[in-house]
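Q: Now for the letters of each chain:
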Amino acid sequence: MAIAQSSLATARARWEHFPHVADVGIRGIGPSREEAFVQAALALTAVITDPRLVVPREPVSIACTAPSGESLLFEWLNAIIFEMATRRMLFSRFLVALYEDRLEAEAWGEPIDPERHEPAVEVKGATYTELRLFRNPVGEWVAQCIVDV
Amino acid sequence: MDLAPLQKLSETAWELPPQGTMRVPAIFYGSRSLLEQMDDKVAEQAANVASLPGIVRAAYALPDAHWGYGFPIGGVAAFDPEQGGVISAGGVGFDISCGVRTLLTGLPRGSIAGREEELAAALAREIPAGVGARGKIHLDDSQMDAMLRGGAQWAVESGFGEPEDLDRIEERGCMNGADPAAVSRGAKRRGREEMGTLGSGNHYAELQEVTELYQEEIARAYGLASGDLVISLHCGSRGLGHQIGTDFLREMAAAAEAFGLLLPERELASAPLSSELGQRYLRAMRAGINCALANRQILTDLIRKVFGRFFPDRHLALLYDVSHNTCKEEIHSVEGRPLRLFVHRKGATRALGPGHPDLPVDFAPWGQPILIGGSMGTCSYILAGAQESEARAFSSAVHGAGRRMSRNQAARTWEGKELLGDLERRGILIRARSHRGVAEEAPGAYKDVSAVVEAAEAAGLAHRVARVEPLICVKG
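Protein chains in written order, with the working numbering: chain A, 1 to 149; chain B, 1 to 476.
These are calculated hints, taken from the structure and not from any lab test. Model, not experiment: these values are computed from the prediction. Built from N, CA and C at the ideal position, the CB exists for glycine as well. What you were told as hints is all true, and nothing was included just to trick you.
Label pairs and their computed distance ranges (CB to CB):
1. B:Glu251 <-> A:Ala97: 24 to 30 Å
2. A:Ala97 <-> B:Glu82: 45 to 51 Å
3. A:Arg52 <-> B:Glu162: 44 to 50 Å
4. B:Gly114 <-> A:Arg12: 58 to 64 Å
Computed list of chain A residues with no C-beta within reach of chain B, every gap over 12 Å:
5. Arg52
6. Val55
7. Ala63
8. Gly69
9. Ala97
10. Tyr99
11. Glu100
12. Arg102
13. Glu104
14. Phe134
15. Asn136
16. Pro137
17. Gly139
Based on the provided sequences and hints, a complete structural model is requested.
A: What follows is the structure, given as structure tokens:
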């Protein structure tokens, strides 16, 4: 198990979006699976708003179980989407611990402020499309999927 | 999309004959140009759908089809429960019963002259829209269950609208067979404070002017006159429907192997209609449809209240309400025999032809109104169901233009503020929460809706009745 914490300034860990004709692909890249999960969560926030605009004020605990790393990624992203929707919050800082078939995490964020966050679009769900957790040729972990917006 | 593997059936219909695991052909409707613009994934996904058990006649992709999840968006497929047919959460999608309804004002364009800004501000103020917006009503557990069972009927009984509205909504405003117990607590939590909210993305409330009539007689029957104002709403079942989609996608994907289903994509997640899971999804999905019907009914009430302040003597009658992402149990004629089928329409509209018993009496001679949404700066269309659509695609038609450009590319191509200025100079007032959201939804990010509608007409899926142009658009 390793614990990863997001840092927008980390050189190696990063997130990116990749194109899908109707929706958005999100991808987190990092030296560990945990960091890749953290970065994927930041990529998810970035679909909605600039994560740098979200103040990590309040913590929300998230836990999920799934039989594989990819399934855990699907559950992790959908759990964040659920918390965003029901709490009307956005998150910008994440702590992730991965066990064999379980994820325990904290997401830090604040209530949506339409004026300041200017949220572009809401995310309906993380999908199985392009859902992958793998190591790229330089050994970094990559966590990705398409999210439905 | 590469057309080489397809056989041309007509100028607007192409067939991919069964191959590999396909049980039936895949049929693609659209002009050569529209089909060439489609992603190759559309053909691949239609072929995958054609491989599912119990599929009847063909897997169809309509002229607005694009790459979706499992099923293409703009896809239609019917399954026979007597032949091992399946129901697919992926074949309905996350935005259950997302759809369009159009209200008639009977007012000429000139009636709002000089008051456009005021009206736009009032609509934007009263309609909860955008990410995180809360509705003005809060449902407790028993009200939530009543809403999920009753749909727009519940909304009307709760004071949002009039009984005559129900005759102008698919299923008379209430999808039978919905079961709140099949909907997870999480889904209900997501829906609890979202009733009467528009959502975001391509969802909108738009004041439009009827600018062209193609079929005067049908237009008259629908209550449309050239130069009149109408209001169209595009929204769906909101977070409740999205969560039903997530819940059952997960469960169906996990159960596929046990059902002996070979899924080339997990998003094809399906269950036999005869299974407990398939039946439970049907009941939950129908509750999701009712949520969308109730949501559009509540929003209608908000719009009527705004208009009532500007035009106190004017009643806004409902033209019709159509849903896009559904699976419905319907009787269709297959090889001369009536069969009970479960028709998935993902990003497609039901399009009943003239004389169909489910049509309101007023529309029976003309066919069902089909409301085709544009995107802010582009026109929208009102079509009528065609008789031949039953044979073409189980009485289905297109639902909109369909995207041609990713959101990332659109955000790189346009700048939201400039786009708003350009549209305003064209006389279109947009009220939106986010400049990036506006750029992502730029009209140019979508295919040419007129080309899509012309192809749908040429393919015998529907007839054009009227074209409408946007004047005021409230975006999520």
